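> Take a look at the letters that make up each chain.
Protein chains: 2
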Amino acid sequence: MAKILINFAHPALEKSRVHAQLVPAVKSIPGITFNDLYENYPDLDINVQREQKLLANHDIILLQHPFYWYSAPAIVKQWIDLVLEHGWAYGHTGKALKGKTFGNIISVGGSEHSYSKEGHHGHDIHDFLLPFRQTAKLCNMQYAAPFVVFGVHKKEFEDIREYSRQLTEVLGRMQSADFDASALPGLAYLNQLLQLPAQTQQ
Amino acid sequence: MAKILINFAHPALEKSRVHAQLVPAVKSIPGITFNDLYENYPDLDINVQREQKLLANHDIILLQHPFYWYSAPAIVKQWIDLVLEHGWAYGHTGKALKGKTFGNIISVGGSEHSYSKEGHHGHDIHDFLLPFRQTAKLCNMQYAAPFVVFGVHKKEFEDIREYSRQLTEVLGRMQSADFDASALPGLAYLNQLLQLPAQTQQ
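Quick mapping for you: the protein sequence lines, in order, are chains E and P. To convert, note that position 7 of the first sequence is 7 in UniProt numbering; the numbers rise steadily by one, no gaps. To convert, note that position 48 of the second sequence is 48 in UniProt numbering; the numbers rise steadily by one, no gaps.
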């Protein structure tokens, strides 16, 4: 069974609508390690050894966060800058993360259309996530398609509950022993994992 | 004369080769405000009011930093997350930055070729800078082409001195009263500003 680590980052969870629902759903899945970065490091003072040990002990690493200024909240960058050390995570001798899967679980204010060439943000969400995709690649990890909740400001409680259900199911499938990770790069969004015939037959 | 603000971020300037030369060069230019983020906020505890006041008082805002993990060091993201508040920097009533110029001055480990489709990083440096470009746009600012020092690990002291000289000249031109900011979007790199006929005639 694949071991999943969720590195969660939300500087104001008490004000959140989406993550307030996603977090309990994710936490309720047996066998998933939920690592709340702001709770553990309110001063952004990351314990590098602890974080590297966590990474080494898991197969799938997902960053769960709101999409702040076309990226993750600052603590995620702090975590990347400090934890993914040269010689450990990348470089000739840095193979600690080789073969693992890396991805984002994000909530986004704008609609999916707003993240398109014609839309308000002028570019696809995948274009903005390029630094994460390439970070995964440099560390010899496979980047999974992102799990995205678009248009969070207009979402009803019931809609968010549906996303929580989806995410729970997606993570459950990724955990399962016969999950085929090679299907991931073919997806635009991780949400679509549930539509894959090979996966739904399980 | 345009007022330039440099927000500088390097978590380990004592180990830097490029910025160790660029910083004194930049600081020596009369009329430029040099704002060292890590020096002012070693705990990443940004004074939002101070930073907003600085922004309001300048016409050109440049982020100077090494390119860490395809982006800026964490403190720059912290600064963006906290300082560019809704209703102040963006949104219907957020017009404090309207018409200003925004950009990056970066040092990059890889060569310019490594930042291409065929190269090691598989994408152009401009693709990785997209979150900064779009952040500028959302705040009604014009994004300037980035000033880039590629291949820093292999650069000789003399090469870096040449970049310092270039940067000093570029900033001097941007300050000058008759500088035409509409030339900026046509450049791939801010370094090329010196080659523009209209600018070199000054």
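Check the hints yourself; a few may be wrong.
Straight line, CA to CA, 27 Å or less: simulated DSS-like cross-link-like pairs of lysine-lysine [stated by the list, open to error]:
1) P:Lys95 with E:Lys154
2) P:Lys27 with P:Lys53
3) P:Lys117 with E:Lys98
4) E:Lys53 with E:Lys3
5) P:Lys154 with E:Lys95
6) E:Lys154 with E:Lys27
7) P:Lys53 with P:Lys117
8) E:Lys155 with P:Lys137
9) P:Lys53 with P:Lys98
10) P:Lys154 with P:Lys27
11) E:Lys117 with P:Lys95
12) P:Lys98 with P:Lys155
13) E:Lys95 with P:Lys117
14) E:Lys53 with E:Lys27
15) E:Lys137 with E:Lys3
16) E:Lys117 with E:Lys98
17) P:Lys53 with E:Lys117
18) P:Lys98 with P:Lys3
19) E:Lys137 with P:Lys154
20) E:Lys117 with E:Lys53
21) E:Lys3 with E:Lys154
22) E:Lys154 with E:Lys15
23) P:Lys3 with E:Lys154
24) P:Lys15 with E:Lys95
25) P:Lys15 with P:Lys137
26) P:Lys98 with E:Lys117
27) P:Lys155 with P:Lys95
28) E:Lys137 with E:Lys98
29) P:Lys3 with E:Lys137
30) P:Lys137 with P:Lys3
31) P:Lys53 with P:Lys137
32) E:Lys155 with E:Lys15
33) E:Lys15 with P:Lys95
34) E:Lys3 with E:Lys95
35) P:Lys53 with E:Lys137
36) P:Lys3 with E:Lys117
37) P:Lys117 with P:Lys15
38) P:Lys117 with P:Lys95
Just so you know, these hints were derived from the structure itself, not from any lab. Bear in mind the structure is a predicted one, so any value in this text is a computation, not a measurement.
> A separate judgement is required for each hint: does it hold in the structure or not?
Hint check:
For a cut-off of 27 Å, the pair hint linking Lys95 of chain P to Lys154 of chain E stands: about 24 Å separates their Cα positions. With a C-alpha separation of about 20 Å, the suggested pairing of Lys27 of chain P with Lys53 of chain P holds against the 27 Å cut-off. Between the alpha carbons of Lys117 of chain P and Lys98 of chain E the distance comes to roughly 23 Å, so the proposed pair stays at or under 27 Å and holds. For a cut-off of 27 Å, the pair hint linking Lys53 of chain E to Lys3 of chain E stands: about 13 Å separates their Cα positions.
Proximity of Lys154 of chain P to Lys95 of chain E is assessed by CA-CA distance (about 24 Å); at most 27 Å being required, the pair is judged to hold. Only pairs whose Cα atoms come within 27 Å are accepted, and Lys154 of chain E paired with Lys27 of chain E is accepted, the gap being roughly 25 Å. At most 27 Å may separate the alpha-carbon atoms for a hinted pair to count; Lys53 of chain P and Lys117 of chain P exceed this at roughly 41 Å. Taking the CA atoms of Lys155 of chain E and Lys137 of chain P, the gap is about 26 Å. The hint holds against a cut of 27 Å.
Pair hint Lys53 of chain P plus Lys98 of chain P holds up; C-alpha atoms about 14 Å apart against a cutoff of 27 Å. Restraint check: the Cα-Cα separation between Lys154 of chain P and Lys27 of chain P comes to about 25 Å, which is no more than 27 Å; the hinted pair holds. Pair hint Lys117 of chain E plus Lys95 of chain P holds up; C-alpha atoms about 24 Å apart against a cutoff of 27 Å. At roughly 38 Å between alpha-carbon atoms, Lys98 of chain P and Lys155 of chain P are farther apart than 27 Å, so this suggested pair is violated.
Restraint check for Lys95 of chain E and Lys117 of chain P: satisfied, since their Cα atoms lie roughly 24 Å apart, inside the 27 Å limit. Restraint check: the Cα-Cα separation between Lys53 of chain E and Lys27 of chain E comes to about 20 Å, which is no more than 27 Å; the hinted pair holds. Of the pairs offered as hints, the one joining Lys137 of chain E and Lys3 of chain E holds, with about 20 Å between alpha carbons and a cut-off of 27 Å not exceeded. Restraint check for Lys117 of chain E and Lys98 of chain E: the C-alpha separation of about 34 Å exceeds 27 Å, so the hint is violated.
The suggested pairing of Lys53 of chain P with Lys117 of chain E is violated, with an alpha-carbon distance near 34 Å, which exceeds 27 Å. Of the supplied pair hints, the one linking Lys98 of chain P and Lys3 of chain P holds, its CA atoms being roughly 15 Å apart against a limit of 27 Å. Proximity of Lys137 of chain E to Lys154 of chain P is assessed by CA-CA distance (about 23 Å); at most 27 Å being required, the pair is judged to hold. For a cut-off of 27 Å, the pair hint linking Lys117 of chain E to Lys53 of chain E is broken: about 41 Å separates their Cα positions.
Between Lys3 of chain E and Lys154 of chain E the CA atoms are separated by roughly 34 Å; this puts the pair beyond 27 Å, and the hint is violated. For the suggested pair Lys154 of chain E and Lys15 of chain E, the alpha carbons sit about 15 Å apart, so the restraint of at most 27 Å is met. Simply put, Lys3 of chain P and Lys154 of chain E have alpha-carbon atoms about 40 Å apart, too far for the 27 Å limit, and the pair is violated. A distance of roughly 25 Å separates the Cα atoms of Lys15 of chain P and Lys95 of chain E; the hinted pair therefore holds under the 27 Å criterion.
At roughly 34 Å between alpha-carbon atoms, Lys15 of chain P and Lys137 of chain P are farther apart than 27 Å, so this suggested pair is violated. A hinted pair counts as satisfied when its Cα atoms are at most 27 Å apart, and Lys98 of chain P with Lys117 of chain E qualifies at roughly 23 Å. The straight-line distance between the Cα atoms of Lys155 of chain P and Lys95 of chain P is roughly 41 Å, outside the 27 Å bound, and the hint therefore fails. The straight-line distance between the Cα atoms of Lys137 of chain E and Lys98 of chain E is roughly 9 Å, inside the 27 Å bound, and the hint therefore holds.
At roughly 40 Å between alpha-carbon atoms, Lys3 of chain P and Lys137 of chain E are farther apart than 27 Å, so this suggested pair is violated. Among the hinted pairs, Lys137 of chain P with Lys3 of chain P is consistent with the structure: their alpha-carbon atoms are about 20 Å apart, no more than 27 Å. Distance restraint check for Lys53 of chain P and Lys137 of chain P: the Cα-Cα separation of roughly 20 Å lies within the 27 Å cut-off, and the hinted pair is therefore satisfied. The straight-line distance between the Cα atoms of Lys155 of chain E and Lys15 of chain E is roughly 15 Å, inside the 27 Å bound, and the hint therefore holds.
For a cut-off of 27 Å, the pair hint linking Lys15 of chain E to Lys95 of chain P stands: about 25 Å separates their Cα positions. In summary, the hint linking Lys3 of chain E to Lys95 of chain E is supported, as the alpha carbons are separated by about 18 Å, within the 27 Å threshold. With a C-alpha separation of about 40 Å, the suggested pair Lys53 of chain P and Lys137 of chain E falls outside the 27 Å cut-off, and the hint is violated. A C-alpha spacing of about 33 Å is found between Lys3 of chain P and Lys117 of chain E, which places the hinted pair above 27 Å, so the restraint is violated.
A threshold of 27 Å between alpha carbons decides the hint, and for Lys117 of chain P with Lys15 of chain P the separation of about 31 Å lies outside it, so the pair is violated. Between Lys117 of chain P and Lys95 of chain P the alpha-carbon distance is near 37 Å, which puts this suggested pair outside the 27 Å criterion.
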